[in-house]
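A.B. asks: Starting from the given sequences, assemble the full structure and let the hints guide the process.
Read in order, the letters of the sequence shown are residues 132 to 555 in the numbering used here.
No wet-lab data here; the hints were simulated from the structure. If you're wondering where the values come from, they're calculated on a predicted model, not measured in any experiment. Hints are supplied without guarantee of correctness; some may be wrong.
Said to hold, decoys possible - Computed list of lysine-lysine pairs in BS3-like fashion (alpha-carbon distance at most 27 Å, straight line): (1) Lys333 x Lys347; (2) Lys525 x Lys553; (3) Lys542 x Lys553; (4) Lys480 x Lys462; (5) Lys553 x Lys462; (6) Lys462 x Lys554; (7) Lys462 x Lys542; (8) Lys542 x Lys480; (9) Lys542 x Lys502; (10) Lys525 x Lys507; (11) Lys256 x Lys502; (12) Lys378 x Lys290; (13) Lys554 x Lys542; (14) Lys360 x Lys315; (15) Lys506 x Lys532; (16) Lys256 x Lys347; (17) Lys507 x Lys553; (18) Lys411 x Lys480; (19) Lys502 x Lys532; (20) Lys506 x Lys554; (21) Lys506 x Lys480; (22) Lys502 x Lys525; (23) Lys347 x Lys378; (24) Lys145 x Lys256; (25) Lys462 x Lys532; (26) Lys315 x Lys290; (27) Lys388 x Lys378; (28) Lys378 x Lys333; (29) Lys201 x Lys160; (30) Lys256 x Lys290; (31) Lys145 x Lys290; (32) Lys388 x Lys480; (33) Lys290 x Lys525; (34) Lys160 x Lys137; (35) Lys554 x Lys480.
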Amino acid sequence: MTIPTKNTKFQSIKGFYDILPEMTPLWQKLEDTARLVLSQYGYNNIRMPLVESTDLFIRSVGEHTDIVEKEMYSWEDPLNGDRLTLRPEGTAGCVRAVVEHSLTYNGPQRLWYTGAMFRHENVQKGRQRQFHQIGVEAFGFDGPDVDAEQIILLARLWKALGIEDVELHLNSIGDSEERAEYRKLLIVYFEQNSQQFDEDAKRRLHSNPLRILDSKNPRMQEMIERAPKLIDHLGTETHAHFDGLCKRLDEVGITYKLNPRLVRGLDYYNRTVFEWVTTKLGSQGTIAGGGRYDSLAARLGGDVTPACGFGIGLERVFLLMQEYGVVAEHKPDGYLVNVGELAEAASAKIAEQLRDAGLSVVVHAGGGSFKSQMKKADRSGARFSLILGDDEMKANQIVVKPMLGPGEQVKVNLSEAINLLKKN
Numbered sequence: 132m133t134i135p136t137k138n139t140k141f142q143s144i145k146g147f148y149d150i151l152p153e154m155t156p157l158w159q160k161l162e163d164t165a166r167l168v169l170s171q172y173g174y175n176n177i178r179m180p181l182v183e184s185t186d187l188f189i190r191s192v193g194e195h196t197d198i199v200e201k202e203m204y205s206w207e208d209p210l211n212g213d214r215l216t217l218r219p220e221g222t223a224g225c226v227r228a229v230v231e232h233s234l235t236y237n238g239p240q241r242l243w244y245t246g247a248m249f250r251h252e253n254v255q256k257g258r259q260r261q262f263h264q265i266g267v268e269a270f271g272f273d274g275p276d277v278d279a280e281q282i283i284l285l286a287r288l289w290k291a292l293g294i295e296d297v298e299l300h301l302n303s304i305g306d307s308e309e310r311a312e313y314r315k316l317l318i319v320y321f322e323q324n325s326q327q328f329d330e331d332a333k334r335r336l337h338s339n340p341l342r343i344l345d346s347k348n349p350r351m352q353e354m355i356e357r358a359p360k361l362i363d364h365l366g367t368e369t370h371a372h373f374d375g376l377c378k379r380l381d382e383v384g385i386t387y388k389l390n391p392r393l394v395r396g397l398d399y400y401n402r403t404v405f406e407w408v409t410t411k412l413g414s415q416g417t418i419a420g421g422g423r424y425d426s427l428a429a430r431l432g433g434d435v436t437p438a439c440g441f442g443i444g445l446e447r448v449f450l451l452m453q454e455y456g457v458v459a460e461h462k463p464d465g466y467l468v469n470v471g472e473l474a475e476a477a478s479a480k481i482a483e484q485l486r487d488a489g490l491s492v493v494v495h496a497g498g499g500s501f502k503s504q505m506k507k508a509d510r511s512g513a514r515f516s517l518i519l520g521d522d523e524m525k526a527n528q529i530v531v532k533p534m535l536g537p538g539e540q541v542k543v544n545l546s547e548a549i550n551l552l553k554k555n
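C.D. replies: Shown next, in the form of structure tokens:
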């Protein structure tokens with residue numbers, strides 16, 4: 132092992148990045164808007180650990196998925212031998228928490244969470260090895276009304292964020308028995324056309340043939356288009372569920388594209404699957420996706436519990452907000468300039484009184500001349516500079532100087548200063 136020298140300049144690990152202060156206002160706008168929309172639909176926040184048992188993801192996500200086969204950050208705990216994994220997605224951990232704590236004992240649950248996920252992927256714009264998601268899960272609802280609710284919720288979120296031109300792709304992948312029968316048909320068809328396969332398709336032919344439908348290899352597209360379509364092999368009940376979903380979306384005016392090749396990449400889905408897609412982010416065009424997973428709770432040791440959910444890729448939504456020119460700034464109301472011993476000694480107490488009134492105030496620290504402090508006040512972006520000198524202290528007054536837009540500099544008492552900042 133190479134030990135870094137004393138003067139080594141460390142950098143973040145590939146695929147793990149810093150969100151710097153100039154970026155956080157837009158991130159906070161995204162997160163705050165999502166929280167507001169989720170609260171409008173009655174979803175409650177749940178917080179799960181970053182680390183879970185490796186077996187949880189093998190059993191839920193699927194042993195023959197890309198995530199489990201080559202993308203998870205997993206290790207054996209040297210202290211007790213436990214097999215552990217940094218969560219690559221949030222649904223499995225959320226279902227584990229619902230089952231462990233019997234959260235549906237008293238009725239259905241609408242839940243949401245947010246945080247970092249981890250996958251060892253090829254790093255590119257909109258795809259990092261540590262990335263962030265908002266996940267939304269509803270448990271105990273078996274009808275298409277909750278499927279529709281979650282899609283409608285996302286449509287409202289895009290509008291609230293100023294995002295346009297995102298397209299909803301929709302499909303039904305049936306129940307497990309229907310999918311098993313379709314899988315046989317698909318394998319027969321693919322075996323007859325295997326000469327056109329790439330290495331990924333060859334590997335998936337017998338382990339996960341539905342994922343071949345999602346291949347982006349241009350040489351395989353014509354062959355995939357001719358493949359049998361799962362939606363043509365659904366039963367009456369599954370068709371009714373999907374028709375009920377489409378009817379509800381039609382009623383609220385949400386347009387969608389029926390995409391028979393949409394299967395999603397995880398094993399636990401059944402019936403409804405959907406994605407919201409944009410053409411403005413190149414190959415990373417999916418900004419949110421989800422569907423139903425009615426058998427997952429039972430697979431993880433709980434009772435059979437109908438469920439539906441989705442995940443939002445926050446990095447991609449952030450890039451899309453930038454693409455649409457969405458801006459957000461967090462600027463203080465005031466910057467408190469203090470010159471002189473009396474003013475400097477009293478500045479913290481006065482700033483607290485301003486903050487008690489609901490104002491955001493930065494207090495100058497580190498001394499310096501009046502001129503240098505005013506330069507820093509200007510750079511802070513504050514709406515007003517609040518100037519406190521020894522003369523103002525003796526008169527129980529403070530100078531309020533507008534920094535943005537028109538207005539006259541005035542000398543007033545503290546309560547008048549508070550009213551002036553609040554008014555403006």
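A.B. asks: Taking the hints in turn, state whether each one holds.
C.D. replies: Hint check:
1. Between the alpha carbons of Lys333 and Lys347 the distance comes to roughly 15 Å, so the proposed pair stays at or under 27 Å and holds.
2. The straight-line distance between the Cα atoms of Lys525 and Lys553 is roughly 25 Å, inside the 27 Å bound, and the hint therefore holds.
3. For the hint pairing Lys542 with Lys553, the CA-to-CA distance comes to about 16 Å; that is within 27 Å, so the pair holds.
4. Restraint check: the Cα-Cα separation between Lys480 and Lys462 comes to about 21 Å, which is no more than 27 Å; the hinted pair holds.
5. Note on Lys553 and Lys462: the hinted pairing holds, with a Cα-Cα distance of about 14 Å set against a maximum of 27 Å.
6. Using a Cα cut-off of 27 Å, the hinted pair Lys462 and Lys554 holds, with the two alpha carbons roughly 16 Å apart.
7. At roughly 23 Å between alpha-carbon atoms, Lys462 and Lys542 fall within 27 Å of each other, so this suggested pair holds.
8. Proximity of Lys542 to Lys480 is assessed by CA-CA distance (about 19 Å); at most 27 Å being required, the pair is judged to hold.
9. Proximity of Lys542 to Lys502 is assessed by CA-CA distance (about 18 Å); at most 27 Å being required, the pair is judged to hold.
10. Straight-line distance between C-alpha atoms of Lys525 and Lys507 comes to about 25 Å, which keeps the hinted pair within the 27 Å bound.
11. The straight-line distance between the Cα atoms of Lys256 and Lys502 is roughly 43 Å, outside the 27 Å bound, and the hint therefore fails.
12. As the CA atoms of Lys378 and Lys290 are separated by approximately 22 Å, the hinted pair is consistent with the 27 Å bound.
13. Taking the CA atoms of Lys554 and Lys542, the gap is near 16 Å; set against the 27 Å cutoff, the hint holds.
14. Pair hint Lys360 plus Lys315 holds up; C-alpha atoms about 12 Å apart against a cutoff of 27 Å.
15. As the CA atoms of Lys506 and Lys532 are separated by approximately 13 Å, the hinted pair is consistent with the 27 Å bound.
16. As the CA atoms of Lys256 and Lys347 are separated by approximately 18 Å, the hinted pair is consistent with the 27 Å bound.
17. Proposed proximity of Lys507 and Lys553 is supported: the alpha carbons are some 22 Å apart, at most 27 Å.
18. Restraint check: the Cα-Cα separation between Lys411 and Lys480 comes to about 50 Å, which exceeds 27 Å; the hinted pair is violated.
19. Restraint check: the Cα-Cα separation between Lys502 and Lys532 comes to about 14 Å, which is no more than 27 Å; the hinted pair holds.
20. As the CA atoms of Lys506 and Lys554 are separated by approximately 25 Å, the hinted pair is consistent with the 27 Å bound.
21. With a C-alpha separation of about 23 Å, the suggested pairing of Lys506 with Lys480 holds against the 27 Å cut-off.
22. Between Lys502 and Lys525, the direct Cα distance comes to roughly 22 Å. Compliance with the 27 Å bound is thereby established for this hinted pair.
23. For the given pair, Lys347 sits about 30 Å from Lys378 by alpha-carbon distance, which is inconsistent with the 27 Å threshold.
24. This hinted pair checks out: Lys145 and Lys256 have alpha carbons roughly 13 Å apart, not beyond 27 Å.
25. For the hint pairing Lys462 with Lys532, the CA-to-CA distance comes to about 16 Å; that is within 27 Å, so the pair holds.
26. Pair hint Lys315 plus Lys290 does not hold up; C-alpha atoms about 42 Å apart against a cutoff of 27 Å.
27. A distance of roughly 14 Å separates the Cα atoms of Lys388 and Lys378; the hinted pair therefore holds under the 27 Å criterion.
28. For the proposed pair Lys378 and Lys333, the alpha carbon gap of about 39 Å is over 27 Å, so the pair is violated.
29. For the suggested pair Lys201 and Lys160, the alpha carbons sit about 34 Å apart, so the restraint of at most 27 Å is broken.
30. With a CA separation close to 24 Å, the supplied pair Lys256 and Lys290 stays within the 27 Å bound.
31. Between Lys145 and Lys290 the CA atoms are separated by roughly 33 Å; this puts the pair beyond 27 Å, and the hint is violated.
32. Our distance criterion of 27 Å between C-alpha atoms is broken by Lys388 and Lys480, whose separation comes to about 60 Å.
33. With a CA separation close to 53 Å, the supplied pair Lys290 and Lys525 exceeds the 27 Å bound.
34. Annotation: proposed proximity of Lys160 to Lys137 is violated, straight-line Cα distance about 40 Å (limit 27 Å).
35. Taking the CA atoms of Lys554 and Lys480, the gap is near 22 Å; set against the 27 Å cutoff, the hint holds.
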